Amino acid sequence: MSALLDVDQLLDKLEAGLRNLLEERGIKSPVLIGIRTGGVWVADIIGKRLGIEEPFGELDISFYRDDFSRIGLNPKVTPSSLPFDTEDRDIILVDDVIMSGRTIRAAMNELFDYGRPASIILATLIDLGARELPIQPDVAGQSLKLDAPQRIKLRGPDPLRIEIQAAEQ
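When we follow the working numbering, the leftmost residue of the sequence shown carries the number -15, and every step to the right adds one.
Source of the hints: derived by calculation from the structure; they are not laboratory data. Any given hint could turn out to be false.
[What the hints assert, rightly or not] Below, a list of computed lysine-lysine pairs in the DSS-like style, where the Cα atoms sit at most 30 Å apart:
#1 32 - 12
#2 137 - 32
#3 -3 - 129
#4 -3 - 12
#5 137 - -3
#6 32 - -3
All of these numbers come straight from a predicted model, not from anything done at the bench.
Required output: the full structure, derived from the provided sequences and hints.
And the structure:
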């Protein structure tokens, strides 16, 4: 049986942290971009909670991964969708879990191919802290350390839930 984390509490903390950061930085009209798949689910919920009326964007970073040549193409790759111009915009980049920082590096590389944002705020539900790159979230629902055989999985989108599972042998 897997352990569950309270997603609503994590979303509450993420929302509050983002509201504070946006106010602190004087950002009035940010746009949201979720990294597929879990980040898209979280971006949808956070966008509604923050009252952001502009549709959120979706990034599929498959072609930007630094391990692309090793792991190959995911059969579920779909095009990224950004229904707005990113040039000089304040972006909230959303992912479900940050661990090594490599997914975020790939996402930022793709974002800059669309234009130069004014700023990027990184928001994540879970920060596992196992960095391989110097990339840190600005706001996280929770920092968590997992034992080596454990994995974390966001399931959803409705209901959205996080499971901590023992890795398969």
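Notebook entry, point to check: residue 32 and residue 12: Cα distance at most 30 Å?
Noted result: holds (15 Å)
Check: Does the alpha-carbon distance linking residue -3 and residue 12 stay inside the 30 Å limit?
Finding: holds (20 Å)
Margin query: For residue -3 and residue 129, compute the direct alpha-carbon distance and say whether it is at most 30 Å.
Written below: Distance of about 18 Å is within 30 Å: holds.
Item checked: Pair hint outcome, residue 137 versus residue 32 [Cα-Cα no greater than 30 Å] -> Given that 30 Å is the threshold and the Cα spacing comes to 23 Å, the pair holds.
Notebook entry, point to check: Is the hinted pair residue 137 and residue -3 satisfied, with a Cα-Cα distance of at most 30 Å?
Noted result: holds (19 Å)
Notebook entry, point to check: Does the alpha-carbon distance linking residue 32 and residue -3 stay inside the 30 Å limit?
Noted result: The given pair, whose Cα atoms are some 15 Å apart, holds under the 30 Å limit.
No hint from the list above goes unmet by this structure.
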